[in-house]
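Colleague: One-letter residues, chain by chain:
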Amino acid sequence: MATATALSSPRPWRLPGTATQWFTGWFLVAWIGVVVLPLLIISAFSFFSMRQYQIVYDPTLSTWVSLAETGRWVVVLRTIRFAVTVTFLEILVAFPFALWLAKGCRSPAVRACVITLLTIPFFIDASSRIIVWRSILGTNGVINNLLVGSGLVDKPLTWLLYSDFSVSFGMFGSYFPTAVFPIFLTLSLIDDDLVKASSGLGASRLQTLRYIILPLAMPGIVGGVVFTFVPLMAAWIEPQLLGGGQVNLLGQSIQSALTNLNYPIAAALSTVVIGVLVLLLVVLIVSLRGRFSMASLFQSLDR
Amino acid sequence: MTTMDTMETGVSRRSFLKSAAGVSVAFAGSSLGFASLGMAQETVLRAYGVTTAQMDDPSLITKATGVKLEFTPTDADIGVFMRDALANNVGETHDIMIFDGGTQDILGPQGFYAEIDEDNPALDLWERTPDFWKKSDISVYDGKTYGVPILGNCDAFAYFPDAIGANPNGLDEIPYTVLYEDDRTRGRVALDRVFSQSLACMANFLRVNGRMQIEDPANLTPEQAKAVVDYAVERKKAGMFRTLHNSFEEQVQLIQNREVDVLECWEPAVKEAQKTMKEKAPVYAYAVEGGKKWGHGAYIPKQALDRGNGEAIYRVLNYFLGGEFRACQARDRSYAGPNMDLGVEYAEKSGWTPEQIEELRATDKKIERKMSNPNAFWAKPTAPNADVMEQEWQRFLSA
Numbered sequence: 001m002a003t004a005t006a007l008s009s010p011r012p013w014r015l016p017g018t019a020t021q022w023f024t025g026w027f028l029v030a031w032i033g034v035v036v037l038p039l040l041i042i043s044a045f046s047f048f049s050m051r052q053y054q055i056v057y058d059p060t061l062s063t064w065v066s067l068a069e070t071g072r073w074v075v076v077l078r079t080i081r082f083a084v085t086v087t088f089l090e091i092l093v094a095f096p097f098a099l100w101l102a103k104g105c106r107s108p109a110v111r112a113c114v115i116t117l118l119t120i121p122f123f124i125d126a127s128s129r130i131i132v133w134r135s136i137l138g139t140n141g142v143i144n145n146l147l148v149g150s151g152l153v154d155k156p157l158t159w160l161l162y163s164d165f166s167v168s169f170g171m172f173g174s175y176f177p178t179a180v181f182p183i184f185l186t187l188s189l190i191d192d193d194l195v196k197a198s199s200g201l202g203a204s205r206l207q208t209l210r211y212i213i214l215p216l217a218m219p220g221i222v223g224g225v226v227f228t229f230v231p232l233m234a235a236w237i238e239p240q241l242l243g244g245g246q247v248n249l250l251g252q253s254i255q256s257a258l259t260n261l262n263y264p265i266a267a268a269l270s271t272v273v274i275g276v277l278v279l280l281l282v283v284l285i286v287s288l289r290g291r292f293s294m295a296s297l298f299q300s301l302d303r
Numbered sequence: 001m002t003t004m005d006t007m008e009t010g011v012s013r014r015s016f017l018k019s020a021a022g023v024s025v026a027f028a029g030s031s032l033g034f035a036s037l038g039m040a041q042e043t044v045l046r047a048y049g050v051t052t053a054q055m056d057d058p059s060l061i062t063k064a065t066g067v068k069l070e071f072t073p074t075d076a077d078i079g080v081f082m083r084d085a086l087a088n089n090v091g092e093t094h095d096i097m098i099f100d101g102g103t104q105d106i107l108g109p110q111g112f113y114a115e116i117d118e119d120n121p122a123l124d125l126w127e128r129t130p131d132f133w134k135k136s137d138i139s140v141y142d143g144k145t146y147g148v149p150i151l152g153n154c155d156a157f158a159y160f161p162d163a164i165g166a167n168p169n170g171l172d173e174i175p176y177t178v179l180y181e182d183d184r185t186r187g188r189v190a191l192d193r194v195f196s197q198s199l200a201c202m203a204n205f206l207r208v209n210g211r212m213q214i215e216d217p218a219n220l221t222p223e224q225a226k227a228v229v230d231y232a233v234e235r236k237k238a239g240m241f242r243t244l245h246n247s248f249e250e251q252v253q254l255i256q257n258r259e260v261d262v263l264e265c266w267e268p269a270v271k272e273a274q275k276t277m278k279e280k281a282p283v284y285a286y287a288v289e290g291g292k293k294w295g296h297g298a299y300i301p302k303q304a305l306d307r308g309n310g311e312a313i314y315r316v317l318n319y320f321l322g323g324e325f326r327a328c329q330a331r332d333r334s335y336a337g338p339n340m341d342l343g344v345e346y347a348e349k350s351g352w353t354p355e356q357i358e359e360l361r362a363t364d365k366k367i368e369r370k371m372s373n374p375n376a377f378w379a380k381p382t383a384p385n386a387d388v389m390e391q392e393w394q395r396f397l398s399a
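Protein chains in written order, with the working numbering: chain D, 1 to 303; chain A, 1 to 399.
By construction, these hints were calculated from the structure, which means they are not laboratory data. Treat the numbers as computed from the prediction; the structure is a model and nothing was measured. A virtual CB, placed ideally from N, CA and C, is assigned to each residue, including glycine. Hints should not be assumed to be uniformly reliable.
[To be verified] Pairwise CB distance ranges, derived in the manner of DEER restraints:
id, chain 1, residue 1, chain 2, residue 2, range
1, A, D162, D, C105, 50 to 56 Å
2, A, A238, D, A109, 52 to 58 Å
3, D, P121, A, K278, 34 to 40 Å
4, A, N257, D, L279, 21 to 27 Å
5, D, C113, A, G351, 42 to 48 Å
6, D, L89, A, K278, 41 to 47 Å
7, D, S150, A, F132, 55 to 61 Å
8, D, R51, A, E42, 30 to 36 Å
9, D, C105, A, D230, 54 to 60 Å
10, A, Q274, D, L146, 54 to 60 Å
11, A, Q274, D, D125, 42 to 48 Å
12, A, E311, D, I55, 55 to 61 Å
13, D, V34, A, P73, 29 to 35 Å
14, D, V34, A, Q356, 31 to 37 Å
[What the hints assert, rightly or not] Residues of chain A placed beyond 10 Å of chain D at every Cβ, according to the derived structure:
id, residue
15, D56
16, A64
17, D77
18, N88
19, D119
20, P121
21, F132
22, N167
23, G210
24, E215
25, R258
26, E259
27, D387
28, E390
29, E392
With the sequences and hints as input, model every part of the structure.
Modeller: As structure tokens, then:
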């Protein structure tokens with residue numbers, strides 16, 4: 001009877017008992033206030049409309065309908081395609097690079113030097129860093145001059161700039177460090193004795209890589225994917241400067257709407273970005289369920 | 001004791017306070033006098049507007065008007081400007097707003113801009129200012145004058161004469177086909193990414209050549225916008241356009257790298273390129289189809305008058321109509337504006353070189369020729385159908 005009463009009556013509210021509970025509570029409140037609430041407000045704006053640069057607060061679905069009619073949905077698909085492709089290429093190159101840096105490179109000085117070189121581009125404004133490539137990839141740029149001058153091609157290659165290639169290339173350079181560093185950190189934490197033991201027990205290099213290193217590096221790989229994919233979905237500078245209007249991605253579409261003070265469209269597009277990210281994150285978690293826990297992304301903090 | 005001291009010094013408390021008060025008043029008065037003298041010499045006003053309206057040497061304004069004009073720059077982004085005007089109430093902090101003509105269509109009737117007092121004694125150049133400027137879309141909306149026109153131009157495109165076999169003297173009228181349809185420039189054309197420029201000029205091209213029935217290229221109806229964008233997409237797929245630029249710096253870079261042969265751009269980009277490319281720089285076109293006429297207006301936020309800054313504001317507005325501003329803008333940016341004759345007069349009196357003076361005259365003639373082209377149309381940054389045009393333009397960008 002007492003149990004039944006306890007089950008039917010609401011659990012009495014109690015103050016958090018430990019510092020961790022207090023911190024978690026405050027963090028959640030702050031997170032909801034700073035992250036969730038603004039996102040909800042942004043989404044709400046997508047259900048209003050604009051007239052003469054002023055918002056009309058009558059709920060409508062016209063903004064969402066126009067997303068489909070004006071081809072902005074194509075931009076969403078294209079942005080996802082770019083983000084997935086570039087992230088895949090990043091991880092493909094970043095993993096062997098990080099493996100060499102963590103386990104192959106025996107000189108601490110060289111390692112420090114490489115890490116510094118990877119970090120240095122972040123000290124320079126992204127626009128300045130990217131715009132330089134125009135002079136290199138353009139029809140009268142360095143590469144085309146070399147190619148034409150050496151007789152390898154008859155006329156300049158126009159696809160080097162203002163193309164899918166140039167945008168992907170720019171993105172690859174910009175986000176390579178964010179793919180490398182998480183993988184490098186987890187690989188650095190793998191005990192060398194484990195690798196030696198694997199070898200000692202007769203495993204080939206490939207088997208050691210597959211059964212020892214890859215599973216242990218998985219938190220870093222997933223971290224690399226997340227830290228690369230998420231900003232790529234909102235990438236704006238690379239398509240702007242290297243796409244030259246031929247590669248229209250979500251960031252530019254949002255910018256264009258904001259330029260015209262069309263907040264509902266910008267809000268709808270932002271909502272789409274967030275929706276896509278949440279969806280892909282769920283897919284990632286579900287596909288890795290049983291083999292990998294997202295909490296282990298931060299296991300290095302426990303050591 | 002007190003009495004004796006007082007007697008000894010011959011000064012009572014009351015007389016001391018009286019004289020002290022007198023001295024204080026005299027001192028304060030003299031301070032105020034100095035202050036008011038200082039104000040007469042240098043009143044501080046704040047302007048918010050496009051950078052193109054800024055003087056390279058702002059001290060010239062102060063010398064001429066006694067007003068120190070602190071400038072808060074913004075770019076040509078209509079959204080940012082309207083947001084600051086409508087939502088951020090920039091009139092609370094700024095005394096003059098400078099932007100493309102057309103903002104008065106919205107901000108005037110809604111009470112953000114004050115009407116211009118055309119009879120204000122400080123605005124003595126208004127009377128002689130041609131109607132072409134002061135009755136234009138830069139200044140007037142619904143019969144009321146909200147802005148003082150300060151400069152303008154007719155935007156078209158730049159081209160390298162050798163690429164299209166044109167006369168390098170730049171005096172020929174060049175058709176917009178070199179941007180949209182000429183096989184000699186296929187894949188070597190850059191358009192402006194901003195729809196109010198590119199889409200409107202493309203619509204004007206189709207209108208002038210009788211291919212579409214369009215009343216106002218700067219304010220397309222949904223059907224017209226769709227038809228023009230269909231044409232734009234078709235040309236894009238035909239490989240006509242190399243790139244779409246987004247800023248002045250990009251325009252200059254495209255010219256200097258000779259990435260394209262024809263470029264929809266601002267005239268100052270050619271001027272900038274001439275500094276390094278000299279005679280190899282492209283020519284800014286006299287277009288057969290005219291181009292997009294635009295102008296910057298200076299507007300007064302209502303709150304500025306409530307703050308009692310009216311007299312100083314009108315002094316600055318009058319300066320914008322005068323010779324010094326006109327001459328400097330023409331020299332530094334190739335922009336003209338109302339009362340260009342005063343600019344020439346100023347240059348002659350100020351000892352400018354004959355070449356500089358001749359260039360001012362040439363700028364005046366050039367602008368007059370471009371502005372008087374009957375095919376040219378006025379820009380409309382706050383076009384009622386801007387939303388529709390922007391939406392359709394996305395189809396072009398996405399194609």
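Colleague: Next, verify each hint and record whether it holds.
Modeller: Hint-by-hint comparison with the structure:
{"no.": "1", "hint": "A/D162 / D/C105: 50 to 56 Å", "result": "holds (54 Å)"}
{"no.": "2", "hint": "A/A238 / D/A109: 52 to 58 Å", "result": "holds (56 Å)"}
{"no.": "3", "hint": "D/P121 / A/K278: 34 to 40 Å", "result": "holds (35 Å)"}
{"no.": "4", "hint": "A/N257 / D/L279: 21 to 27 Å", "result": "violated (41 Å)"}
{"no.": "5", "hint": "D/C113 / A/G351: 42 to 48 Å", "result": "violated (60 Å)"}
{"no.": "6", "hint": "D/L89 / A/K278: 41 to 47 Å", "result": "holds (44 Å)"}
{"no.": "7", "hint": "D/S150 / A/F132: 55 to 61 Å", "result": "holds (57 Å)"}
{"no.": "8", "hint": "D/R51 / A/E42: 30 to 36 Å", "result": "violated (43 Å)"}
{"no.": "9", "hint": "D/C105 / A/D230: 54 to 60 Å", "result": "holds (57 Å)"}
{"no.": "10", "hint": "A/Q274 / D/L146: 54 to 60 Å", "result": "violated (29 Å)"}
{"no.": "11", "hint": "A/Q274 / D/D125: 42 to 48 Å", "result": "violated (28 Å)"}
{"no.": "12", "hint": "A/E311 / D/I55: 55 to 61 Å", "result": "violated (37 Å)"}
{"no.": "13", "hint": "D/V34 / A/P73: 29 to 35 Å", "result": "holds (31 Å)"}
{"no.": "14", "hint": "D/V34 / A/Q356: 31 to 37 Å", "result": "violated (57 Å)"}
{"no.": "15", "hint": "D56", "result": "holds (24 Å)"}
{"no.": "16", "hint": "A64", "result": "holds (35 Å)"}
{"no.": "17", "hint": "D77", "result": "violated (5 Å)"}
{"no.": "18", "hint": "N88", "result": "holds (12 Å)"}
{"no.": "19", "hint": "D119", "result": "holds (31 Å)"}
{"no.": "20", "hint": "P121", "result": "holds (35 Å)"}
{"no.": "21", "hint": "F132", "result": "holds (28 Å)"}
{"no.": "22", "hint": "N167", "result": "holds (25 Å)"}
{"no.": "23", "hint": "G210", "result": "holds (28 Å)"}
{"no.": "24", "hint": "E215", "result": "holds (20 Å)"}
{"no.": "25", "hint": "R258", "result": "violated (6 Å)"}
{"no.": "26", "hint": "E259", "result": "violated (5 Å)"}
{"no.": "27", "hint": "D387", "result": "violated (6 Å)"}
{"no.": "28", "hint": "E390", "result": "violated (5 Å)"}
{"no.": "29", "hint": "E392", "result": "violated (7 Å)"}
Checked against the numbered hints given earlier, this structure breaks hints 4, 5, 8, 10, 11, 12, 14, 17, 25, 26, 27, 28, 29; the rest are met.
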